[in-house]
Each structure stands twice: as structure tokens, then as C-alpha cells.
Amino acid sequence: MLCCVLTVRLGADFCYIEEIDGASKDYCDEDSIAQYPCSSSRGYHGRGPIQLSWNFNYGPAGEANNFDGLGAPETVSNDVVVSFKTALWYWMQHVRPVINQGFGATIRAINGQLECDGANPSTVQARVNYYTEYCRQLGVDTGDNLTC
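With my numbering applied, the sequence shown covers 1 to 148.
These aren't lab readings, by the way, just hints derived from the structure by calculation. Among the clues, some could well be false.
[As the list claims (entries may be wrong)] Straight-line alpha carbon distances no greater than 16 Å define the calculated EDC-like cross-link-like pairs of lysine to aspartate or glutamate that follow: (1) K25 with D68; (2) K85 with E74; (3) K85 with D68; (4) K85 with E63.
[Unchecked claim] Derived Cβ-Cβ restraints for the label pairs, each shown as a range: (5) Y130 with D68: 18 to 24 Å; (6) S122 with Q93: 24 to 30 Å; (7) A23 with D117: 25 to 31 Å.
Note that CB positions come from ideal geometry on N, CA and C, so glycine has one too.
Using the sequences and the hints, build the whole thing.
This is the structure we're talking about:
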């Protein structure tokens, strides 16, 4: 399993199926409720390899990957195929278009409003530290623009 290989080589950071304490967080964006209505009995916290979050991501991810993203967001953590399809969908939609702008742009694409522009500098620095260490261990260059 890829997670186990990465865990041995890089650390345990790629092995969470659900966001730590995610169930206690409300990721229902009021501005997108008309198109992607939240269910009061469901949580839209981070799940899967890229930790998909928010109703405005679960809705289109479900549409693109043939599952009920708004009605059954837990599918992302319960079905390994959906989990990776969703991660790849998110990557192609949001991260791949900015990858040539450096690691910082990928942080912004994944967690921008929660971490970038001074929102959580210690978390951004921790990500940069992990990334730098992973690159060192793998023998690859970090590139420029490490922070968002």
C-alpha cells in the first residue's frame, strides 16, 4: 500500500482517511448553498488522500465521480475507489493548473483560505518543512515559491 511505503520513507503524514477532529468543524459555505445544499446530518470535513472539504467541493466531486457527495460525503472515506477518484478529480481541477507556480501555489489551491495570507502561518511553515524534508529524502529539488 502506497501509504505504508510513504510512512516508512517519509513519515505518517499521508495516512489519515479523515481530518483530525473534522467532525467538530462546520464546512458548509453559505454562499454555495443554493447550488450545493448542506445536509444538517452530514459533515463536509476533510476526507480522502487530499482531504476533500466543504459542500462546494463534495457536490461537484460527487457529480464527477458518480456518488452522492452532499448526501453521503462519508463515501470518500469508506470507498477506496471513490476516495482516490475524488483526490484525482480535485488535483486535476484545482492543483494541477497551478503546480508550475511552486509548492506555495499548491498550498493555496488546497487550503488557501484556511492557511494563506497570514491566516495560519505556522501551519504553512510546517507544510513547507515537511515538503522540504520529503524532497531531501527523495533527492529532488524543492523548486522556488515554497509559501503561499
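Each hint tested on the structure:
1. K25 with D68: Given pair K25, D68 is violated - Cα atoms ~20 Å apart, limit 16 Å.
2. K85 with E74: Distance of about 14 Å is within 16 Å: holds.
3. K85 with D68: 14 Å, holds
4. K85 with E63: 12 Å, holds
5. Y130 with D68: 18 to 24 Å: 33 Å, violated
6. S122 with Q93: 24 to 30 Å: Given a distance of about 28 Å, which is inside 24 to 30 Å, the answer is holds.
7. A23 with D117: 25 to 31 Å: 27 Å, holds
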